[in-house]
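K.L.:
Residue numbers (this note's numbering), protein chains in the order written: chain L, 1 to 394; chain E, 1 to 260; chain P, 1 to 302; chain D, 1 to 368; chain Y, 1 to 228.
A hint or two may mislead.
Below, simulated DMTMM-like cross-link-like pairs (lysine to aspartate or glutamate); rule was C-alpha separation at most 25 Å, straight line [to be verified]:
#1 L:131 / L:346
#2 L:131 / D:89
#3 L:131 / D:81
#4 L:52 / D:310
#5 Y:57 / P:136
#6 P:55 / L:289
#7 Y:67 / P:186
#8 L:52 / L:346
Read the hints as simulated data drawn from the structure, not as lab findings.
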Amino acid sequence: EITDKETNKTETASGSEEDSKDSIKVGILHSLSGTMAISETSVRDAELLAIKEINVAGGVLGKQLEPVVEDGASDNATFKEKAEKLLLNDKVATVFGCWTSASRKAVLPTFESNNGLLWYPVQYEGMEASKNIFYVGAAPNQQIVPAIEYMNENYGKKVFLLGSDYVFPRTANSIVKKQAEDLGMEVVGEEYTPMGHTDYTTIISKIQDVKPDFVFNTLNGDSNVAFFKQYKDAGLTPDEIQTLSVSIAEEEAAGIGASYLEGHLVAWNYYQTTDTPENKKFVEAYKAEYGEERVTDDPIEAGYDAVYLWAAAVEKAGTTDVDQVREAAGGIEFKAPEGTITIDGENQHMYKPVRIGMVNGEGLIDEVWSTDGPVKPDPYLESYEWAKGLSNVQ
Amino acid sequence: MEQLMERMDTGVTPVLDIEDVSIQFGDFKAIKDVSTSIGKNEIRFFIGPNGAGKTTILDAICGKNKVSDGKIVFHGDSGDRDVTRMKEYAISDLGIGRKFQAPSVFGGITIDENMELAVARKHSIYSTTFLKLSKEKREYMNHILEFIGLKDKRFQYPSSLSHGEKQWLEIGMLMAARPKLMLLDEPVAGMGRRETEKTAEMLKNIKKECSIIVVEHDMQFAKDVSDTVTVFHEGTVLDEGTMETVQQNQQVIDVYLGRG
Amino acid sequence: MELFLMQLFNGISVSSILLMAALGLAVTFGLMGVINMAHGEFLMVGAYTAYIVQKLFIAYLPAGVFDAYCIVAILLSFLVAAVLGFILERLVIRRLYGRAADSLLVTWGISLILQQAARSIFGSPNVGVKAPSFLEKSLRIHGMLSLPYKRIFILILAVFCLFGVYWLMYRTRQGRNIRAVMQNRDMAAALGVNTGRIDSATFAIGSGLAGLAGCALTWIGAIGPTLGTNYIVDTFMTVVVGGAGSLLGSVFGAGFIGIGGTAFEFFTTASIGKVLIFLCVILLLQFRPKGIFAVKNRALED
Amino acid sequence: MKTMKKIKGTTILAAVIFLLLAALPFYMPMFRVSLFGKYMCFAIIALGLDMIWGYTGILSLGHGVYFGLGAYCMAMYLKLEAAGGNLPDFMSWSGLDRLPAAWVPFGNPVFAVAMAVAVPVLLAVIIGYLTFTNKIRGVYFSILSQAMAMIMGTLLIGSQAFTGGSNGLTDFKTIFGQDIHAPVTKIVMFYVTLLVLVLLFALCRFLTGRRVGKVLIAIRDGENRAGFAGYNTANYKVFVYALSAFMAGIAGALYVGQVGIISPAEVGVVPSVEMIIWVAIGGKGTLIGPVLGALAVNSLKTTASENFPELWSYFIGVLFVVVILWLPGGVISLKEIPGKIRAKLRLHREETSSAEEKIPDKTAVRSK
Amino acid sequence: MFQLEGLYATYGEGMVLRHVDLEAPKGRITSLVGRNGAGKTTTLRAVMGLVKTPQGKISLDGRELQKLPVYERAKRGIGYVPQGREIFPQLTVEENILLGLEAGNGKGVIPDFIFETFPILQEFLHRKGGDLSGGQQQQLAIARAVVSGPKILILDEPTEGIQPSVIQEIGRVITELKSKMAVLIVEQYLEFVLDIADYCYVMENGRIIMDGEPECLDQDRLQATMSL
Ligand SMILES: Nc1ncnc2c1ncn2[C@@H]1O[C@H](COP(=O)(O)OP(=O)(O)OP(=O)(O)O)[C@@H](O)[C@H]1O
Ligand SMILES: Nc1ncnc2c1ncn2[C@@H]1O[C@H](COP(=O)(O)OP(=O)(O)OP(=O)(O)O)[C@@H](O)[C@H]1O
Ligand SMILES: NC(N)=O
Ligand SMILES: [Mg+2]
Ligand SMILES: [Mg+2]
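Please construct the entire structure, taking both the sequences and the accompanying hints into account.
P.N.:
This is the structure:
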């Protein structure tokens, strides 16, 4: 009996045999409950939208995609449990999912030991390149690093680092500190607040006390709302002390309220206002599906892209077999709403354009600066001299 | 004081000396400089008006109340010990057992198990885990269960007992522990005459092994069982002596006994 | 000096917010003994009520009267949460009196349901609420020392609610009945007190206070399905440090955690500050096992 | 007689549950078996919690702390083994260049396993000694323990370089030299967990059957009175609290091996409350109840969330409410229903029969 | 006129009262005696609605009460002094009494006769009820019931824990009260109760086994029942 299971298991989830029927199962794994549901449900929506569009257009390899949605419940162990379930029980061809780095780290061993495939839609801190993950969000050199360069040039050398107390902000800031040193900038404050922290008056007092040229903000979730409301209450404006946030996109902006965010800066690869024909179509489709009220933003777009990228790779490979799909994926281009993105076959990250934006009175984000074209992903920041020693993995 | 001298003369060794004890709640002095001493094998009654401080002083003896002044010295096997700064369980281990005014037994275990906890003399985690009750202890326990009339109900839970039955169970548990000094707060409240008499009989029996302090308002009962009586009034000792002499004291009649 | 004064005000202001958020709990938990884990969700209900009121004002009324939404929102958030509390008490809570631990579990279940309901109705992402414009300014005293009107307003609101609750509980017949019911339900009934009505009313008041607090929270923080989870632990600490069952205790608890917490945060970091203040709570309980303003009572010591 | 019969019923139930678990690998796919391995760890925690809550009346809302300590101790070993002599990855990107001294001995599996048990017990003894001798009781203790869970979570997240921060410790490769993902390893870990569960169950059975168990109940029903009866209640409470921490620590160590991750999300306030829920749903104050509760609640949670990923919170929420309201004794109290019905019938019979016959009886003895 | 007709009462699965008939008219002190565990307390709790009464009638002045909730029965004029005092420990003495006063729809002032009977209550008016001594609490419990001016006063062992001189006082007060209300008293203290009662019911095992005026009761049988 046991050996039976064993063979069953080593077969794993590659599951090309499994989809001999006329549909292909794909997994969607996001937090639909708990604190992270705030951000992740919309990404799930975007992924479902892409699946629907592909199905309408005839599916992949002539088969319809059949999404299997699971709730990671904002809990790392649950993410892992659900990943196993998707790979071993449902034998899905691939999984689109996760938001926090913690959840990605939690499922990574599962994907590796079962040779599954995960498409991760969110910008993150880098220092990782698993052959079982495709990273559709920005690597640090596609968001954090250029953002700091921009701020250094346009706002000044005194930076105050503020983030939520978890891995992404802490690691991002350790990158920023190295970079700041290299640029001759001065880090005048570094604060982390627990997730769900609700009162920023003390930190704002500290900011007022040290008077930085700008605040580099890696707060996540609810905390941003509290921070920006109280920032304004304290009489601070972007004119006095500018902020740049890397985890506030249009959806978060709506939750904070445009009046509190107007004039503040953010850094992403995509905005709802990004002017491409693909984006027009995407925004229209998204709103048509989920309502005029809804906005699109970078992770939502990345989730949407991820599905198309995988579909393209499968078409190219002619199978959903993980190894072959991975093989085929390198170099695949997709005309995404943010512009053309390309899969880097080596580290499985994307070539992406980088954009700095400013929140406007409607809560949407206007681009104020962008790179000329897509930037090559560099998750380990190997091309930066100052980043040496940040990672021991090569 | 005279009383005390008297007893010293007759060679009765005290088990408990209460020396100039005062007890205060906020700025209300419930007990003021009370001194008395309880002899071996003596049944002492504390009587006195409601609120005189009888329960308060029992609370102090068994460690439930802090004493603001004075000493309470227990003369036990392990020498003389001032109990005013000791923890409840340590006082209990010295051999001072207490019955409360409102009946209180453990509701989550059966009557039998209640008795079992009481009869065991060793209270450490080790002994409660590994040691079984000796045969002699079990027999003693059965004997008490019979005596308090709860043998048939022994596997029931105490919640199914009436008020009076609970009183009995508590007295039974107290007896089972074979303390050197028993403190009984209104043991016959809520008991019928018959039960009261039975209790009196029992007290006279156990007196052979220990000393007893009883707080009671039942004068018939006091007359029947007391050796000596201390009358409290507004936190002080009004009189002390045998029931007969105390009953004659006009002050006692005025504040306590009434015309009856 | 300026920084010190600013920090002191920050502390007081955090305290007032905590007090505001904890007052309802001081009633449902401190007084009624229900370990109400759904308290945070009543805050959430109040916050969403404020959101809806604001939406309606924007949709149907001229922009000139927008600021008046604030008054309507305060009243309605109290009412909506109170009604919800009333219904919950009737359906569920009333079977749990005297079963503190069970009340914890059931209200935990209720909090899951309410959170999910908020998600189903309003969606997972946060929604935005704008404070009325007269609260958006701050009273600049000197240099960086400025007191936001919002904070002052919440402080006043908290004090107002505190006195309201005090007056109700200790100065009215209803309050006496409430306290009697909480101490001995059977006997209160035997004295002609309609315990069922008192229970529902008290729980409704506690819930209403939470709703009101939730409305105030919309001006300074996030409004989303998980709003309550951010406050639940802090509010329980607040009530417990001071001594459950004592209003003065809750005031003290709010002050202790608010001022102490911000001070620690100032000298260390937000995370360490939180750790330190909770450590202080644990330490304090060692000396005051029933909270600072523990209700001392001969009859309570079993 | 009656008590004898009752014990027998639950023994049979326990035996059935353990046999079903033992046979699990023969009729369930491997990953489901692993899930049950996880649930059994939860059952161990629940059993320990029941000892302090169901029996002794101490409601701890912070047992995630002890679970976490056990798990982290074990995870440190696994992480070092996975790093294979290098610095664990998270340390380098968090700015460390050398293994912290506290981590060094955890390279030794025996030390790590010993610590997984010793650290929780030690902390429980310290915390327990302070709080119980200082007479912190009831809800005050519960909230205190909740503060501990909060502190633990915050500290773990805040010391990323030493603990892996919010990511926790994960990505293990081998355990005691064996491939941690290999089915054989998983099966072995499953049976080890089951064995530990059965042994601990037996231990608790032994304790509750002895006088010490009665003392615990006495403390629950009236701590002061138990003190007046001569029992040093603080000692007993420290003992049983440490016992439950011991069990949570073991559960943590077993959990990490099977689940392959431990992170602050598993040890904070929310999971600590969930642990209490397993006990309550199963039936506190019985031993098989919490085991059943942990297995059932978690299976149900998994099933519900798989089938209704967006609605499962409703199911779980409603389940808590319904069970606690209508089955205050937990699902285990279902077994009393037949007895209750019988009693009702008996009562009814008595009612009608005495209504008929007793009236003349009474007038007969009336004397005036 | 207060009446119980064929009353049954149960605790969970145990039947405690079996077909109790009892009358307590105004102007008379009716007593209920019996051994420990006979069911006296249960009878009074059944009257108050605190235990289940699956069968039988409870009526006051012709109106049936058995279906009414507890508080409604109190409003209809039952004053209850429970066994074990059951004062509100955290309310002051004054508040405890005021609760009683309001039960009878009385307003505001506590009548003087209360303080004349129980002077200690006046002295400790602002002390918490729970801090009083046992006997003081008992006095408070009686005062709280009497002050509501009920149609029937039911007392469960009111002399328990009270000093002899005050017992006499209580006897006097009850005797005075009977002109204004019916009184039903449960007592173990036979000398006391037979002295003040006009009529006596004897209960055993949840049944009334004798009743009559105290002098007329079969003394041997009474003694036998009480002392079994
Ligand atoms: N914790 C307390 N706080 C305030 N006053 C108290 C407290 N404990 C007792 N008292 C007061 O102390 C006095 C003595 O009370 P105690 O209970 O000792 O009386 P007692 O002699 O036992 O009376 P009884 O015969 O009525 O039981 C009473 O007036 C009581 O009100
Ligand atoms: N809560 C309860 N659950 C089950 N049985 C009970 C309960 N309370 C009382 N009984 C049982 O009901 C019977 C009558 O009890 P009750 O309290 O009415 O007696 P009583 O006549 O008032 O006795 P006492 O003089 O001792 O107060 C007793 O045998 C008792 O065991
Ligand atoms: N990758 C992030 N934002 O956690
Ligand atoms: Mg007394
Ligand atoms: Mg009785």
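K.L.:
Against this structure, judge whether each hint is valid.
P.N.:
Tested hints:
1. L:131 / L:346: With Cα atoms ~9 Å apart, residue 131 of chain L and residue 346 of chain L stay inside 25 Å; holds.
2. L:131 / D:89: holds, 17 Å
3. L:131 / D:81: Holds, at roughly 22 Å.
4. L:52 / D:310: Given pair residue 52 of chain L, residue 310 of chain D holds - Cα atoms ~19 Å apart, limit 25 Å.
5. Y:57 / P:136: violated, 67 Å
6. P:55 / L:289: holds, 23 Å
7. Y:67 / P:186: holds, 17 Å
8. L:52 / L:346: It is violated: about 30 Å lies between the C-alpha atoms, which goes past 25 Å.
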